[in-house]
Amino acid sequence: MSQTSTISVEKGASLWADAAHRLRRNHAATAAVFVLAIIFLSCLVLPSIDGLIQDPNAQALPKKNQSPSGEHWFGTDHLGRDIFSRVLYGGRISIAVGLITTFVSVTIGICWGAIAGYLRGFVDDLMMRIVDILYAMPFLIVVILLGKSIEPMTTDLTNNTVDLFAGADSSVAEQNATRTWVEPITTLVPLFIAIGALSWLTVSRIVRSQVQNIARQDFIEAARSLGLSHFTILFKHILPNSLGPIIVYTTLTIPGIMLFEATLSFLGLGVRPPNSSWGILIEEGANRMTANPWLLFFPSLFFAATLFALNFLGDGLRDALDPKSSKD
Amino acid sequence: MRRLLLCLTLPLSILTSCQKETEVARANREGIFLMGNSAEPKSLDHQMVTGVPESKLVGALFEGLVGDDAVGDDVMQPGAAASWSSNEDLTEWTFKLQPEGRWSDGEPVTANDFVFSYRRMLTPDLAAPYAEMLYFIENAEEFNKEQITDFSKVGVKALDDLTLFIKLKEPVPFLPSLTRHYTWFPVPKHVVLQHGDIADRFTDWSELGHIVGNGPFKLIKWRFHDVIEVDQNPYYWDAANVGLNGIRFFPIENPYTEARAFLAGQLHTTYTLPTDLIRTVKEDYPEYLRQEPYVGTTFVRLNTTRPALDDARVRQALSLAINRPLLCEFIMEGYAPAKSLTPKMGSYEPNPVLEFNPEKARKLLAEAGYPEGAGFPRYSMLISRPSARASAEALQAMWKEHLGILVDIQNKDWGSYISAQQSLDFDMASAGWIGDYLDPTTFLNMWTEGNGNNNTGWHDAEFERILDEAAQKAEPQDRLDMLKQAEDILMKEQPLLPVSWYSRNYLLQPNVKGWHPLLLDNHPWKALSLEP
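Residue numbers (this note's numbering), protein chains in the order written: chain A, 1 to 328; chain B, 1 to 532.
Source of the hints: derived by calculation from the structure; they are not laboratory data. All figures in this text were calculated on a predicted structure; none of them were measured in a lab. Hints are supplied without guarantee of correctness; some may be wrong.
Stated by the list, open to error - Residues from chain A that face chain B, not an exhaustive set, calculated with beta carbons under 7 angstroms:
#, residue
1, Gln59
2, Leu61
3, Lys63
4, Arg272
5, Pro274
6, Asn287
Said to hold, decoys possible - Far from chain A, some chain B residues (derived; all Cβ distances over 12 angstroms):
#, residue
7, Asn87
8, Glu107
9, Lys145
10, Val172
11, Asp197
12, Ile220
13, Gln232
14, Gly265
From the three backbone atoms N, C-alpha and C, an ideal C-beta is built for every residue, glycine too.
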């Protein structure tokens with residue numbers, strides 16, 4: 001056919017091309033990608049278009065607790081706020097928390113586990129005992145303490161970011177407008193750091209065992225005999241070969257962290273009222289579900305769909321990335 | 001597929017096979033009253049607490065000189081005292097104790113126990129947060145503030161084992177009613193001293209296994225954040241007339257959870273009912289819903305030692321920007337928009353000074369140096385339970401809309417919510433106050449300097465002078481007029497922003513007998529009984 005395909009035939013199908021091919025044939029995983037794309041895009045893009053989505057924090061008390069209608073697609077809550085826009089804005093926060101925190105935690109976990117697994121011996125022992133100690137700590141309490149101790153810095157961070165976008169000499173109204181979208185994200189920075197700093201433990205264990213396994217194989221021996229540096233061997237040859245389990249674990253971590261965010265926000269760390277995340281919307285909706293079920297239904301629908309999709313995608317990736325599965 | 005079906009049907013079949021009797025049905029059989037009590041108590045030492053959840057427990061474990069009546073707020077029943085009398089001008093009172101009065105360990109309750117209790121409450125080093133409730137006693141305030149050190153000068157004496165004599169600094173016609181408040185309850189001298197000194201705060205004496213009371217019930221189990229169980233106290237002097245075998249207090253902080261527990265047959269009564277559930281309950285379960293008047297005010301407490309909040313103009317502006325009628329119509333349903341701090345009480349009705357006037361609010365805020373909210377510090381408002389979040393978010397939106405002021409909302413559990421306010425470690429707090437007795441001073445006296453329930457950092461010499469003067473007035477109408485003046489000063493200064501006047505909404509099983517609407521909501525536990 002075309003030039004490119006000829007070349008790829010000559011190169012032989014790479015591991016990644018194989019995996020992509022297998023993933024495409026997995027209908028559940030493909031559907032999951034599709035669902036995720038729709039949810040992520042609508043949360044990220046729709047609120048950015050001027051005038052399309054109502055202000056998620058605008059209260060209209062006389063219009064409270066309305067069931068879904070043409071004006072308010074998902075109805076209104078107990079303060080007359082539009083649930084549709086709250087779900088979209090809340091989704092932004094939940095997704096941001098899920099992705100950024102997972103990125104932080106996986107990055108730390110990969111580096112820690114890879115170094116421990118590659119160096120072995122005393123360093124490995126030391127690093128893994130540190131992991132043991134961190135495992136033994138009560139996760140929730142440590143996250144709260146850590147988050148609370150970083151929290152005072154967020155005020156400065158918020159002010160600086162607002163100045164950056166709105167200009168330091170802008171009017172109060174302009175500053176407040178900028179603050180409306182800057183603040184929900186900057187106030188979450190302690191949460192990103194605190195969860196990220198403590199949830200890398202399992203990743204590091206997985207990576208370490210992978211690295212130990214791969215480091216004993218012949219092609220690594222070959223790389224070493226070529227005189228490559230430890231850094232190159234570790235990050236160019238070993239890690240790419242252990243990415244499969246890491247990716248799978250990552251897709252399964254994101255939903256867990258989204259759930260954890262809901263817990264923390266409820267405890268006062270993280271999302272501050274009147275801003276919301278899916279976790280907060282669900283908590284508020286669950287309290288009022290007998291009277292106004294739509295308050296619970298729509299946020300749960302989005303949250304559950306995202307969790308399912310991420311789980312299906314994770315399953316699909318695990319199958320697709322399994323090097324032992326047959327090539328076709 | 002079969003496994004999936006099994007997964008789905010198994011829980012269902014378990015659920016349906018568990019259609020046994022509800023907890024309430026079993027409790028009815030056993031004569032046990034199940035009550036939602038909102039929060040884990042800070043302590044059971046009633047000289048160290050200030051909250052309503054604690055008062056419910058204390059009322060079961062202890063008894064004051066005068067008892068509550070099940071039907072009328074104004075009716076006095078014998079309590080630890082069998083009878084009482086006063087001199088002509090209502091300043092000297094003699095209480096005759098129950099000859100059969102005993103602590104729950106069998107020791108007799110004596111007049112000395114009361115003298116010891118009031119001495120402990122007033123001991124400066126104990127720093128009891130509610131000591132002011134005893135300031136009606138002659139020289140009590142002086143002793144509490146270390147102006148005198150000789151307790152024999154304080155107007156409390158044990159004439160003999162069963163006779164207590166109290167001399168007041170001013171005429172107090174409502175003294176019998178006052179002694180129904182838990183600050184006037186006795187503590188067991190022999191047990192308190194066994195676990196520490198008279199001035200030791202939070203000793204073990206009030207813990208499970210040690211605590212001894214003179215009330216109709218005794219503590220038998222205390223599982224933190226789960227349940228507090230009390231059973232009938234066999235040594236209680238009126239044990240024959242106690243209608244319940246026991247009470248279980250459940251500290252359910254989330255009122256939505258509490259309402260669900262009630263509707264699932266796990267509680268006889270709830271502590272409260274979130275206002276947004278009233279409509280559904282009214283339609284679906286009208287037999288459970290209770291809506292009753294209650295002397296109480298919800299307000300926002302301000303820390304007037306914080307910059308900006310130390311300026312009365314700013315506080316006025318915050319108050320003027322609150323649209324109270326809107327709030328009460330759509331969020332605090334059933335509550336009335338507050339027009340001042342004290343709700344109407346008998347012949348006392350304060351001047352209706354509070355209004356919604358965003359125009360004037362903006363002007364005052366600009367005068368104070370924060371035009372359009374520019375440069376206003378970022379403060380956060382404490383709330384103690386999720387149901388308070390709706391009204392807090394509404395206030396947040398009103399201040400943002402009308403004043404350009406941004407306020408955060410912070411949730412704390414009951415204990416740290418109270419501590420933060422007592423140590424002035426807060427900016428604003430959404431709070432409420434329930435009257436302790438039927439007199440406006442229960443709302444006004446707390447805003448004086450050093451009062452354990454003030455917690456605003458605000459005090460005013462003129463305000464305190466008028467209160468003192470009012471206390472000396474013999475003519476009731478003159479006294480109320482003076483109190484009205486004091487309230488005007490308070491509302492001009494606004495160290496607190498009244499929001500609404502309570503009504504009490506809650507759920508009650510119809511088979512609970514002896515439970516009648518009471519303004520102060522102090523239902524005597526011994527009068528309750530359960531119909532099977």
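Verification of the supplied hints:
At about 5 angstroms, the closest approach between the beta carbon of Gln59 of chain A and any beta carbon in chain B falls short of 7 angstroms, and the interface hint on this residue holds. Hint status for Leu61 of chain A: holds, given a least beta-carbon distance of 4 angstroms to chain B, under 7 angstroms. The interface hint given for Lys63 of chain A is violated, since its Cβ lies 9 angstroms from the closest Cβ of chain B, which is over the 7 angstroms cut-off. Satisfaction of the interface hint for Arg272 of chain A is found here, the shortest Cβ-Cβ separation to chain B being roughly 5 angstroms, below the 7 angstroms cut-off.
With its C-beta approaching chain B no nearer than about 5 angstroms, Pro274 of chain A sits inside the 7 angstroms limit, and its interface hint holds. Taking 7 angstroms as the C-beta cut-off, the interface hint given for Asn287 of chain A holds, the closest approach to chain B being about 4 angstroms. At the 12 angstroms boundary, the C-beta of Asn87 of chain B stays outside the reach of chain A, the nearest C-beta of that chain being 55 angstroms off. The Cβ of Glu107 of chain B sits about 43 angstroms from the closest Cβ of chain A, beyond the 12 angstroms cut-off, so the non-interface label holds.
The Cβ of Lys145 of chain B lies farther than 12 angstroms from every Cβ of chain A, with a closest approach of about 37 angstroms, so its non-interface assignment holds. The claim that Val172 of chain B is not at the interface with chain A holds, since no C-beta of that chain comes within 12 angstroms of its own (minimum 43 angstroms). With a least CB separation of 34 angstroms from chain A, Asp197 of chain B remains clear of the 12 angstroms interface cut-off, as annotated. No beta-carbon of chain A comes within 12 angstroms of the beta-carbon of Ile220 of chain B; the shortest separation is about 31 angstroms.
With a closest Cβ-Cβ approach of about 36 angstroms to chain A, Gln232 of chain B is found to remain outside the 12 angstroms limit, as its non-interface label requires. Residue-level check passed: Gly265 of chain B sits 15 angstroms from the nearest beta carbon of chain A, beyond 12 angstroms.
Taken one by one, the earlier hints fail for this structure only at number 3.
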